[in-house]
Amino acid sequence: MMLGQEPRQTTSNVGHLNKPSIQALIHGLNRHYYSIAINYRKNELEEKMLLNLHKKKWTDGLILKRFDTHSKTNEQTVQEMLNLAIKYNKAVQEEDELPPEKLAIANVGRQDAKKHLEEHVSNLMSS
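For the sequence shown, full-length UniProt numbering assigns the number 1 to the initial residue and increments by one for each residue that follows.
Any given hint might turn out to be false.
Simulated restraints on C-beta separations [to be verified]: (1) L124 / N89: 14 to 24 Å; (2) K114 / H27: 48 to 58 Å; (3) D60 / L82: 23 to 33 Å; (4) N89 / I26: 56 to 66 Å; (5) L29 / M49: 47 to 57 Å; (6) T69 / K90: 50 to 60 Å; (7) E118 / H70: 48 to 58 Å; (8) L51 / T73: 27 to 37 Å; (9) S127 / Q23: 41 to 51 Å; (10) G28 / L62: 25 to 35 Å; (11) H116 / I38: 18 to 28 Å; (12) E47 / E97: 49 to 59 Å; (13) T69 / K115: 23 to 33 Å.
Derived by calculation from the structure, the hints in this document are not laboratory data.
Ideal Cβ placement from N, Cα and C applies to all residues, glycine included.
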């Protein structure tokens, strides 16, 4: 009890509170929660760990899928490959017919059949 104060420390977060937005006030949210900005720095190890969270583990390759679901996805992929092959044939024929200036304009917004076909082939080969 030095200097008439209590030995414990009192703290307050009043200075760090964000005022509610107009939209929050309209919805009446100012009475139900406080918004506090939390900011802290991560060290290199923590950043590395967070960047690696989405990666697959080496044991994921050993897990077998059910055959019926695997065969269905394979069938769907082969059907999509058939459609993409037809689209790619059309694109090659149009490439021969149209001049390069009109070809660039004609392909805007279209799906690149060759790229998707290659992707499907690699998926089928790896599964």
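Going down the list of hints, with the structure as the test:
1. Here the CB-CB span from L124 to N89 is close to 20 Å, well matched to the stated 14 to 24 Å.
2. Here the CB-CB span from K114 to H27 is close to 50 Å, well matched to the stated 48 to 58 Å.
3. The supplied range of 23 to 33 Å is met by D60 and L82, whose beta-carbon atoms lie about 29 Å from each other.
4. Our hint of 56 to 66 Å for N89 and I26 holds, since their Cβ atoms are close to 57 Å apart.
5. In this structure, L29 and M49 break the distance hint of 47 to 57 Å, their C-beta atoms being roughly 34 Å apart.
6. Separated by about 32 Å at the C-beta atoms, T69 and K90 break the suggested range of 50 to 60 Å.
7. Checked against the hint of 48 to 58 Å, the C-beta distance between E118 and H70 comes to roughly 21 Å, which is inconsistent with it.
8. Checked against the given bound of 27 to 37 Å, the beta carbons of L51 and T73, roughly 29 Å apart, stay inside it.
9. For S127 paired with Q23, a C-beta distance near 48 Å keeps the hint of 41 to 51 Å intact.
10. Separated by about 53 Å at the C-beta atoms, G28 and L62 break the suggested range of 25 to 35 Å.
11. Here the CB-CB span from H116 to I38 is close to 42 Å, at odds with the stated 18 to 28 Å.
12. For E47 and E97, the hinted distance range of 49 to 59 Å is satisfied, since their beta carbons lie about 52 Å from each other.
13. Checked against the hint of 23 to 33 Å, the C-beta distance between T69 and K115 comes to roughly 26 Å, which is consistent with it.
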